[in-house]
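Visitor: Each chain, letter by letter, is given below.
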Amino acid sequence: MGKKNNINYLPLFASSPYYSKKEFQFPITAVNKTVANTSVLKNNSGITLLYVRGGQGKIIINTREYPVQRGLLMVLGTYHYYQIQPGGMPLELTKCRLSYDTFLYMAANPYYRLYELRLNVDPISCLLDGRMLTRTELILDELVAVTAKHKHQGGETEFFLCMKLMGIMQKTHNNDLWKK
Amino acid sequence: MNEAIKPKAICGRPVHSFFAGKDKYLRLQKHCISDITPPISENESTFILVTDGGGTITINGVTFPMKRGSFVWLQSYHTFTIKAESVHPLKLSVCVYDYPLSSFLTFHEPAPDTVDAIIDAPPIIYLDGNRLEKIEELFYEFEEEDSCFDPGSSLIKVAILGQFSNFFIHHSLKQHRPDCPPERPLGWKAALYISAHFAEDITAQGVASYFGSTAAALNRELRTISGYSFSQFLNRVRVNIASIALLYDGMSLSYVAAHSGFPSDVAFYRIFKKYMGTTPIEYRKLLLNDGHGVYRGMIMNTTLMEVLNYSYSSYSEPVDIKETSKKLFISESVIRDLVYENFSSHYKDLAILTRIRHAEALLLTTDLPIVDIAVHVGFNCSRSFTRTFKRIYDMAPSEYRERNRGGKNQNGKEK
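Chains as they are written, first to last, in our numbering: chain L, 1 to 180; chain X, 1 to 415.
These aren't lab readings, by the way, just hints derived from the structure by calculation. Only a predicted model underlies this, so the values are computations on that prediction, with no experimental measurement involved. Treat the hints with caution; some may be incorrect.
[To be verified] Straight-line Cα separation of at most 25 Å, BS3-like style, residue types lysine-lysine; simulated pairs:
#1 Lys273/X x Lys22/X
#2 Lys174/X x Lys171/L
#3 Lys134/X x Lys6/X
#4 Lys67/X x Lys171/L
#5 Lys171/L x Lys24/X
#6 Lys151/L x Lys22/X
#7 Lys149/L x Lys67/X
#8 Lys149/L x Lys174/X
#9 Lys151/L x Lys24/X
[Unchecked claim] Covered by chain X, per the in silico footprint, the following chain L stretches (three or more residues, Cβ under 8 Å):
#10 27 to 38
#11 85 to 97
#12 158 to 172
Note that the Cβ used here is the ideal one computed from N, Cα and C, for glycine as well.
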């Protein structure tokens, strides 16, 4: 960003870093994980998408317990401290992480409404089934493969795949498993 | 030498809005062409996949065969005519990719030689096997979302359009041989030259002498292949480039004018209005569409994004409006107005909300004293933290901790 000393004036071309995207990176990474034992309590910076591929157990977010099962997709913010607790068998998870400004950029897409973004206390989640489940798993498989291929550097393909996941999330978050 | 290659002339004036148009954004169109289309030149770019049949497409005076698996990406500087074989009518799947969207989906400003290569690379690629399957899958996915226009589906469709363009550029550049370019008619080469050098001060004379010809011959050639004279062609390219930049609301119109090569602001307004039918500002407003058909919600406001990102990621630093404005080089009143306009709340509340979210999480998951949490999330003292917390939840932080821990208080045993 250009260094401008006079703060009273908007730089002539305030949007330049975004428009030229010179300093803009899209570090999106996705990995498959098998969790056999209770994980440590942690939070991630930016946004985390978690998808449950199989197994059973629960996830504890901010000390609240939520049951998980196959087809559950959730979005966690940096203020969600979570712990994964497998039940009888290990949990198969896919974890996809992106930075907050990547997420904002995704939402600033011309066909979207930026003010739909909210800081929720409870994480947003949706339970997928049928065709949506197949589609999501295909997208995630591709995402994991691309991440590995790009050596976790991030790239455009990851961005598009992740955008599809957010779209699926947006479409289906009404059949929320955790809603009272 | 150039006279040797004769371009194929178009018949009649080029028509607009055959495949593209505002009402066709984010929709999958299926066309069946059994004879010949009029010459078409659109103000948007279009993806066409041939799903069945055979025929030819003439783009800027050069004819390419079309068969199942042909994937075409047409730009506003292409004038094209599609002709079907008499026995097998052409079946096409068409998606429109509007220019403001394309600037959203371009992540890295390509180097000038890449731009030249992209422009010079073939506008049609022939796919088979895995690659055809991949692109058909994407079209199928697009079709599945076709009748839904909620923001979620739009996200998915936009992502698919992004994948199309990525895929196309990748494969088209692979087929592109800059060292031994195929011989093309003068009009074709001039059209590409104009689309790549729109920002410079170019004249018909200059371009013609670059290709060793005369201005009159160039004008005639351009008219033959596209139906436009040199200046009309150049203005169309410039107007479309300007519409790309109009996606960004922080960009001043005089910058857009200069960026897209117009000699003056006045010329920009006049020419934009002549070609698009609206002034640039009206165009920006018309892009928004709330409620009818494809939802189109916003013009990208990068300043707002910077402000949001700052308040989200630097919650533990002082985020009052004065500090933020110093950090981001944005004036206080701009921040205040932007946030109020978009979220109908004050900037302060927005910044505080992020802090409170972190505070909640810490209250529930740790046994830290209140004062530590207050300082950690950026408050100066526990008093101001408690006051703010009370205003939002109507209870003190310690009470919140007590009530909400573990949902049903069962976490106490584990600790």
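Visitor: Does each hint hold? Answer for all of them.
Guide: So, going through the hints one by one against the coordinates:
{"no.": "1", "hint": "Lys273/X x Lys22/X", "verdict": "17 Å, holds"}
{"no.": "2", "hint": "Lys174/X x Lys171/L", "verdict": "37 Å, violated"}
{"no.": "3", "hint": "Lys134/X x Lys6/X", "verdict": "37 Å, violated"}
{"no.": "4", "hint": "Lys67/X x Lys171/L", "verdict": "36 Å, violated"}
{"no.": "5", "hint": "Lys171/L x Lys24/X", "verdict": "22 Å, holds"}
{"no.": "6", "hint": "Lys151/L x Lys22/X", "verdict": "40 Å, violated"}
{"no.": "7", "hint": "Lys149/L x Lys67/X", "verdict": "33 Å, violated"}
{"no.": "8", "hint": "Lys149/L x Lys174/X", "verdict": "20 Å, holds"}
{"no.": "9", "hint": "Lys151/L x Lys24/X", "verdict": "38 Å, violated"}
{"no.": "10", "hint": "27 to 38", "verdict": "violated (count 0)"}
{"no.": "11", "hint": "85 to 97", "verdict": "violated (count 0)"}
{"no.": "12", "hint": "158 to 172", "verdict": "holds (count 12)"}
Checked against the numbered hints above, the structure violates hints 2, 3, 4, 6, 7, 9, 10 and 11; every other hint is satisfied.
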